[in-house]
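Trainee: What follows is each chain in one-letter form.
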Amino acid sequence: MEQVDQLILDTAERILADHGGPERVNQAEDGCYPVELWRAIEEAGLPLAWIGEDAGGVGGSLELGLALIRQSARFALPLPLAEVMLANWLWVRATGQAPETLTGFALVSPEAVQLRAGRLYGTLAAVAFADRLPQLVLPVETDHGLQLAVVATVDCSLGNQRSLAGEARNEVTLNGVEPVALAGASELELDDIQALTALVRAHQIAGALERMVALTVTYVQERQQFGRALAKFQAIQHMVAEMAGESALANAAVEQAARVMADPSAEPSARLVAVATAKSVTSEAAGKVTQLAHQAHGAMGFSHEYPLQQYSRRVWCWRDESGSEFYWNCRLGHHVVTQLRDASDGERSAWSSIAQGF
Amino acid sequence: MQNIRFNFPAPDVDPTVETLRQDVRAFLRGERRQGHFRPGTDCWCAGIDPDFSRKLGQRGWIGVTWPKRYGGQELSALHRYVITEELLVAGAPVHAHWIADRQSGPLILKCGTESMRRDILPRIAAGECFIALGLSEPGSGSDLASVKTRAEKADGGWRITGTKLWSSGAQICQYMTVLARTASSDAGGRHAGLTQFLVPLDSAGVSIRGIRDMSGVEHFNETHFDDVWVSEDAVLGAEGEGWQQVTGELALERSGPERFLSTFVALEQACGAIAGEELTDHQLATLGRLLARIRALRSMSLGVASLLQQGQSPDVEAALVKDLGTRFEQEIIERLREFWPITQGPDSDNELRALLSDSLLRQPSFTLRGGTNEVLKGIIARGLGLR
Ligand SMILES: Cc1cc2nc3c(=O)[nH]c(=O)nc-3n(C[C@H](O)[C@H](O)[C@H](O)COP(=O)(O)OP(=O)(O)OC[C@H]3O[C@@H](n4cnc5c(N)ncnc54)[C@H](O)[C@@H]3O)c2cc1C
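Same order as they appear, the protein sequences are chains A and B. Per our numbering, residue 1 is the first one in the first sequence, and the count goes up by one each step. Per our numbering, residue 1 is the first one in the second sequence, and the count goes up by one each step.
Check the hints yourself; a few may be wrong.
Listed next, with one range per pair, are the computed distances between beta-carbon atoms [claimed, not checked]:
1. B:Ile211 <-> A:Ala299: 20 to 26 Å
2. A:Ala262 <-> B:Ile211: 57 to 63 Å
3. A:Ala299 <-> B:Pro364: 34 to 40 Å
Covered stretches of chain B (in silico footprint by chain A; criterion: 3 or more residues with CB under 8 Å from a CB of chain A, positions within the stretch not fixed) [what the hints assert, rightly or not]:
4. 264-272
5. 275-286
6. 297-310
7. 318-325
8. 365-378
By construction, these hints were calculated from the structure, which means they are not laboratory data. Backbone N, C-alpha and C define an ideal beta-carbon position, used for all residues, glycine too.
Please work from the sequences and hints to get the whole structure.
Mentor: See below:
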């Protein structure tokens with residue numbers, strides 16, 4: 001990570017700590033949208049991390065953007081930073097320009113939406129923060145290949161669905177919506193978009209898990225029972241060690257996948273394998289760390305006031321979004337077995353499929 | 001609030017690393033084709049074949065990171081990593097030289113006398129000299145500082161008396177590093193007064209008895225030292241530095257690919273065996289999960305290697321790799337049982353079934369050797385500030 005990158009991450013941390021925090025997160029869930037926090041994030045240019053400097057952005061690397069997203073999850077950010085960053089990344093890749101209006105992102109299966117006579121029809125399930133974003137960009141499969149459509153959310157009808165964490169995940173219905181902009185996806189493939197989306201969720205999980213471990217470490221040091229800190233009981237020490245292991249493993253997986261995705265010489269198969277690994281490992285860790293963190297916290301962790309729940313509910317949601325561990329395990333297994341099956345020289349191995357690169 | 005961040009730097013990759021990998025793969029394929037070895041599970045512990053180690057030495061694949069004047073190649077830690085992971089996934093019989101290459105050689109390089117370095121390191125690198133670890137004793141396992149083996153100054157050297165237990169491969173080794181008490185533990189705490197010696201195993205008064213393990217392999221040993229005389233030069237580093245040396249090696253010992261790849265051969269065979277069949281999503285997901293976790297463990301283990309190369313001492317991170325990795329290499333077999341029930345002994349004609357049985361019989365040792373997982377968790381907890 002370069003020095004400039006570290007500066008940006010430090011700025012983000014300051015903003016998230018100063019303007020965010022557990023109380024804000026609860027308020028956001030109660031319907032009080034943290035406008036000031038979002039303003040500070042925008043003023044710092046964070047949503048433009050992946051937009052080149054020539055298009056008015058920060059010109060950050062893929063890795064920086066993902067690190068930023070991981071950072072935001074350490075604070076359970078109840079705002080669509082990741083979604084806006086994804087939308088910006090897509091639109092810039094397709095058109096060379098940043099969207100002029102704040103735009104979110106909806107990844108849909110190609111069959112869910114059709115473009116007929118210049119109008120969009122279909123239903124998108126669980127679009128993150130759709131009710132807070134003036135526009136959405138969505139990939140659409142058309143007769144001319146993959147296209148990116150930008151729609152104004154006022155033209156759509158939105159459902160009122162919430163995620164486990166109380167964040168908006170609206171059902172968006174397109175009933176003959178005319179896109180405000182349409183662009184060919186240029187060299188982008190749906191697989192790449194899906195992979196980056198999954199990697200974003202994986203980074204969010206990894207960030208949240210770090211904070212869950214930290215919360216637990218602090219709690220068991222402070223809480224006393226039987227005349228000593230919980231941290232002094234070996235059973236508790238082992239639970240926390242186990243959580244730390246899962247969290248570290250999640251970090252290693254998302255960092256490695258970010259490197260592969262950022263490497264222009266990486267083959268598509270290497271990207272698939274890296275992202276599948278990251279999402280599988282983080283999603284599995286989400287379940288384990290949540291269970292252990294709550295066990296170590298006792299009833300306090302089950303209370304709404306104590307912040308642990310903000311993270312557990314988020315990771316429970318993120319682990320099943322963009323493909324759960326079951327989905328990605330299956331993709332990875334299928335990929336490796338297919339490569340083995342197709343090998344003609346007898347020299348292909350499962351090992352060679354998973355151990356390309358570092 | 002304390003913020004815990006485990007960040008694992010990317011290894012520095014140079015193109016010769018991949019070339020080396022291909023060379024190692026080609027060599028291993030050739031050896032297998034000629035029937036020089038059969039892929040074995042837990043090969044870095046159970047696969048003892050001095051001839052095979054010698055062949056690796058002749059190719060220059062042992063001690064690769066050491067200075068050339070001591071028989072090394074002055075290659076990077078990543079080069080060594082790639083050699084070791086390729087040997088492990090091939091199930092090659094590499095135990096004979098493994099400990100010397102991983103741990104005793106680097107210890108001699110760091111703490112040994114110049115004559116030890118000149119005399120012993122080139123022979124290790126040639127695959128001709130093997131070293132056993134003499135740490136555990138009948139009464140000292142996890143509580144290693146309680147060792148009873150004593151060394152006393154005498155006749156211009158030292159006299160060692162005691163029993164070392166479970167030393168892997170000692171029956172074929174020329175030397176053993178022996179952790180002995182050289183001063184009472186009252187002065188300076190129980191970690192003080194411990195010294196490591198490099199003891200030639202052909203010394204008068206040494207007797208080695210092989211111990212058969214539950215998988216049928218006679219790979220570990222009981223070694224008696226009955227008033228064994230060694231020269232002053234046999235001391236590793238300085239008197240009293242034994243504990244720091246033993247714990248200083250741990251990051252190296254605990255984070256390598258052998259901590260999650262011991263049973264990979266079985267998984268590889270399993271993938272090969274069913275690749276031709278019509279697979280259910282459940283089967284694919286089971287295999288995919290195992291492969292994903294191996295990849296993540298590998299990234300973490302490589303990250304620790306990078307931290308080591310940067311001169312840091314990632315003891316906690318290394319303990320995390322070993323705790324997760326060793327439990328996982330056990331889990332691989334537990335998952336594969338679903339598709340291949342294990343009931344037969346390891347001498348089955350079917351290669352996959354033999355590997356699965358053998359893996360199962362060896363797997364209780366994974367979470368014990370080199371520090372039990374409970375001890376590792378204690379180290380992690382201390383790193384997190386809980387103790
Ligand atoms: C295959 C194999 C190869 C080996 N090779 C070598 C070798 O080459 N050289 C060598 O010196 N040794 C070797 N060992 C020995 C190994 O280092 C010891 O087995 C290990 O250190 C544990 O010691 P122990 O077996 O005496 O178990 P013990 O220490 O008696 O432990 C028994 C159980 O109690 C638990 N326990 C112990 N203390 C605590 C505590 N404070 N809190 C919680 N739980 C605790 C342990 O985790 C374990 O589960 C080898 C062992 C194996 C299995």
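Trainee: None of the hints should be skipped; say for each whether it holds.
Mentor: Each hint tested on the structure:
no.: 1; hint: B:Ile211 <-> A:Ala299: 20 to 26 Å; in the structure: violated, 50 Å
no.: 2; hint: A:Ala262 <-> B:Ile211: 57 to 63 Å; in the structure: violated, 51 Å
no.: 3; hint: A:Ala299 <-> B:Pro364: 34 to 40 Å; in the structure: holds, 38 Å
no.: 4; hint: 264-272; in the structure: holds (count 5)
no.: 5; hint: 275-286; in the structure: holds (count 8)
no.: 6; hint: 297-310; in the structure: holds (count 6)
no.: 7; hint: 318-325; in the structure: holds (count 3)
no.: 8; hint: 365-378; in the structure: holds (count 4)
Going through the hint list in order, the structure does not satisfy hints 1, 2.
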